[in-house]
Amino acid sequence: SQQGEEDPQALSIQEGENATMNCSYKTSINNLQWYRQNSGRGLVHLILIRSNEREKHSGRLRVTLDTSKKSSSLLITASRAADTASYFCATDPGGFKTIFGAGTRLFVKA
Amino acid sequence: GAVVSQHPSWVICKSGTSVKIECRSLDFQATTMFWYRQFPKQSLMLMATSNEGSKATYEQGVEKDKFLINHASLTLSTLTVTSAHPEDSSFYICSARDIHSTNEKLFFGSGTQLSVL
Numbered sequence: 398s399q400q401g402e403e404d405p406q407a408l409s410i411q412e413g414e415n416a417t418m419n420c421s422y423k424t425s426i427n428n429l430q431w432y433r434q435n436s437g438r439g440l441v442h443l444i445l446i447r448s449n450e451r452e453k454h455s456g457r458l459r460v461t462l463d464t465s466k467k468s469s470s471l472l473i474t475a476s477r478a479a480d481t482a483s484y485f486c487a488t489d490p491g492g493f494k495t496i497f498g499a500g501t502r503l504f505v506k507a
Numbered sequence: 386g387a388v389v390s391q392h393p394s395w396v397i398c399k400s401g402t403s404v405k406i407e408c409r410s411l412d413f414q415a416t417t418m419f420w421y422r423q424f425p426k427q428s429l430m431l432m433a434t435s436n437e438g439s440k441a442t443y444e445q446g447v448e449k450d451k452f453l454i455n456h457a458s459l460t461l462s463t464l465t466v467t468s469a470h471p472e473d474s475s476f477y478i479c480s481a482r483d484i485h486s487t488n489e490k491l492f493f494g495s496g497t498q499l500s501v502l
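Sequence lines, in order, name chains H and L. Counting from 1 along the first sequence, just add 397 to a position and that's the residue number in the working numbering. Counting from 1 along the second sequence, just add 385 to a position and that's the residue number in the working numbering.
Check the hints yourself; a few may be wrong.
[Unchecked claim] Chain L regions said to be covered by chain H (calculated; three or more residues, Cβ under 8 Å):
id, stretch
1, 421-432
2, 469-480
3, 491-502
Since the hints were made in silico from the structure, they are not lab data. Idealized CB from N, CA, C, for every residue including glycine.
Based on the provided sequences and hints, a complete structural model is requested.
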């Protein structure tokens with residue numbers, strides 16, 4: 398079953414703009430991760446934030462986590478055309494599983 | 386970084402035939418691998434958790450006799466779609482964790498696009 402819901406489902410922006418994607422989940426978690434998927438390919442891990450963390454940065458990525466609201470956001474700053482992809486949040490609710498959200502399809506126009 | 390090799394990348398088969406998909410961890414050991422199914426423009430749906438040396442754990446609604454999983458070594462898991470039908474056409478992706486790493490992140494294969502005619 399799906400754990401996370403993401404919004405927006407699709408996002409189209411100009412190169413250089415920031416892109417923000419949100420993820421909500423239902424159960425308590427140990428950590429939350431964000432992955433990227435280029436069309437027809439496997440997923441690539443971007444960043445992991447633990448349940449006791451509130452914010453994390455990695456290059457142009459900034460992730461926040463609000464466990465009281467069961468939500469997370471992924472911000473990509475100064476977007477590039479190469480950032481065009483689908484982005485998924487994934488949660489570890491325990492039991493060694495990783496459950497993926499519905500995903501946001503990001504299109505960055507050059 | 387850790388590499389997971391999945392093949393074939395795509396396969397076209399006739400209805401009623403069986404298709405085997407392999408997932409290998411190339412430079413790390415994985416006691417557990419995961420098999421996902423993805424429909425176009427949708428998310429990944431966990432099908433089963435493959436455990437080395439024991440039976441796979443299937444998610445609710447996934448037919449274990451339809452999707453046979455074998456995890457005979459620490460670096461190889463296979464998914465066999467038996468008696469495939471057009472409704473089995475989908476993108477199948479495997480993933481694995483490094484048992485020697487404390488990092489919980491998953492490493493993914495590049496996926497297999499299955500088309501059943």
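Comparing the hints with the structure gives:
1. 421-432: Check passed, 7 qualifying residues.
2. 469-480: Per the Cβ count (3), the hint holds.
3. 491-502: The restraint on the stretch 491-502 of chain L holds, since 7 of its residues have a Cβ under 8 Å from chain H and three suffice.
Checked against the numbered hints given earlier, this structure breaks none of them.
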